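Novice: Given chain A, work out where chains B and C should sit, using these hints.
Protein chains in written order, with the numbering used here: chain A, 1 to 40; chain B, 41 to 517; chain C, 518 to 683.
Be careful, since some hints might not be right.
Said to hold, decoys possible - Some residues of chain C that are not near chain B, with every Cβ distance over 12 Å (derived): (1) Phe539; (2) Arg602; (3) Lys625; (4) Ala633; (5) Leu651.
Said to hold, decoys possible - Partial pick of chain B residues on the chain A-facing surface, computed with a CB cut under 8 Å: (6) Ala89; (7) Val246; (8) Gly247.
As the list claims (entries may be wrong) - Derived pair list, reagent style PhoX-like, types lysine-lysine, alpha-carbon separation capped at 20 Å: (9) Lys9(A) / Lys253(B); (10) Lys625(C) / Lys597(C); (11) Lys509(B) / Lys32(A); (12) Lys635(C) / Lys582(C).
Hints in this document: simulated from the structure, not taken from any laboratory. Here the structure is a predicted model, which is why all the values come from computation and not from measurement. From the three backbone atoms N, C-alpha and C, an ideal C-beta is built for every residue, glycine too.
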Amino acid sequence: MLVDFSIFKFLIELALIVTGLSPVILLGLLIKDWLKGDIW
Amino acid sequence: MNEIQLSPSTAYLILLFFGIGWIAFGWWLGKRNRTIDDFMLAGRNVGLALASTTAMATWITSNTTLVAPQLTYQFGIWGMVGYSMAALGLIFFAPMANRIKQLMPSGYTCGDFIRVRYGKLAWYVFLFVSFFYGLGWLVSLGMAGGILLQALSGLDYHIGMTIILFICVSYTLLGGLKAVIATDYIQTLIILAGVVFIGYVCWQNVGLETIYKNVSIQQPQLLNLLFPAAIMFLFNNIFFGIGEIFHSNVWWSRAFAFRVGIGKRAYLMAGLLWLPIPIITGFVALAANTLGIYPSSPDMVGPLVAAKLLGSVGAIFVFMVVFSALASSLDSLLAATSDLLTEDVYRGILFPDSSQEKLFKVSKYILLGLGITTWLLCLPRLTTLGELLNFTGAFVASTIWPVVFGLYRNRLHGSYAAIAMASGTALGLIAYFTVGFYVAALVSCLVSLIVCGIGLWLKNADFDWQLLKKLEKNHVS
Amino acid sequence: MIRALNIDRIFLEPQTLYSTYFILMFIKNLIFILLTLTVESTFADKKLSITPDISNEGYFTLNWKQLESFSPPYIIQTSKDIDFRKVIREISTTNPNQVHLSGFEDGKYYIRLLNAQKNQITNSVELIVKHQNLSHAFILFFIGLLLFIILITLIIRFNLGLGRPE
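Only chain A is shown next, with the shape it has when bound in the complex (with noise of 0.2 Å):
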């Protein structure tokens, strides 16, 4: 049973996505942290 392109292809570029906005997402809470003086 071969997993279907379609599938594959959504699994990958979701996964490229959020990878790629993960350092985005984490760079923003550290300002926002830092801001607050509340990182640690």
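Specialist: The following block gives chains B and C in isolation, referenced to the frame of chain A:
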């Protein structure tokens, strides 16, 4: 192999640049460490950004970047999806992190919890499991450092291994958990940037349609959703990962270190952001045959594809990503294992009346000693020592239910927790050697659940949660 | 590869035909065995080996040594026929002595190494791919799934019930 290699001088430069940077950073952060709470637990007030990233970074090891492609090359879709399921350990631990912080505001280690909640017998069994796993992971990481740096740059194994251990021990010693967490943040960004870049270039230059078409012709099994071996191994590996996270002080120390209420969000975010990483590092392996790459050994398929797509720049990226992944896990493991030795062995068993100031000093010596011991064990490059990580699945999976029932139900008695861990480990090991590695964690988990179930039915410990708040040495039996 | 002797065109008396048939078959097989041994012994010191030769996962490592007179690139041919009549996969590699291949389906395969001019330069090896029994796999899968569901259910229930007293 030459195409994936940097010159040793480039490798030295990268190691020197990062090494000096991180050691200097660790020294600067450590200047404000005054107490053992600062050193071991970063002041117990870490915010969401650093908390999420440190959880992510620590769970990204060199395996995530090198074994995920290997497993995808061998098991296809299930290889990468199965590997990414290791994120479930982080996700399930999320609510438990809050519970841990709430139950034990003055706790230091998972050993503290097991000792107070279950008593001495369970504590000794648990420490045995923890140290076996912790030391096994430390040695396998140390060796991986030497082996990988050699494969990626020709640097001699002993030199590469020594340099990595020296850098990690130094900044962890100087800065404590603050240095670990802060460097984790930078290392995560490096890893994410490298992984995304290589994944994007593969997606753009090779194309998913081409990859899918070629794999379905040349390696059709890799797209098979009913790949028998992969289905067989799936839950064993999932429970191996869950057991690793639920029991290990690497994750408990973070639960204590994060600010109140942060633990759940941090672990959840870390798990969700970690999940796609093995998918990307895995899918590049499917492009291998399309690119005319037929690796001589499967663990090099990732770097080979990266080098083919990006040339020498690819080799530099891979080197930096692998180095960051190694360092971000090594520093956490060094810190967490030395915390266990300090709090549970030095204070818990040997010198119970030690003052906080004394412990602060001792913890640094213990960390240094642990680093040296790891280095000595890595010197002979005994790969069998590295492989012993494989059967820690039987050990760690047995701790899942005692930890879960221990945190949420006061009914389970310590003796049954001890028996659950011991019998789960024993039968898991028997299964490992008689049937195969792919049943060890599953058997261990099942046996442990049955014993815990019997214990819950037969005896009510009626444990007083207040004891954890006060961290009493004696518990009510 | 020796072809079978064509004996259909020999016309003799039935009994003589019968015994002649067997004599000729015997000679044919003897020549075949001698030729194979000669071919193998020619390649004996240029050994292609395979690990494992029975694969439960469809992947394996091919190893070849002592090919000083032949330099890369090499061509690796895979066939389901012992005489490589129909080659199902042919790849070219510059690896000096080892390659790891994967993704094979169930079946018996023969693999050999050729040089760039497509001359055979090693012995051929036999590979049997026999994937794990799917029903065994599903048994372990469902045991794992059951434990997994128990774990999720308990964690969710325990966390939802935290507000209530023990």
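Novice: Run every hint past the structure and note whether it holds.
Specialist: Status of each hint after checking the structure:
no. : hint                  : verdict
1   : Phe539                : holds, 45 Å
2   : Arg602                : holds, 20 Å
3   : Lys625                : holds, 15 Å
4   : Ala633                : holds, 14 Å
5   : Leu651                : violated, 5 Å
6   : Ala89                 : holds, 4 Å
7   : Val246                : violated, 12 Å
8   : Gly247                : violated, 10 Å
9   : Lys9(A) / Lys253(B)   : holds, 12 Å
10  : Lys625(C) / Lys597(C) : holds, 6 Å
11  : Lys509(B) / Lys32(A)  : violated, 32 Å
12  : Lys635(C) / Lys582(C) : holds, 18 Å
In the structure shown, a violation is registered for the earlier hints numbered 5, 7, 8 and 11, in ascending order.
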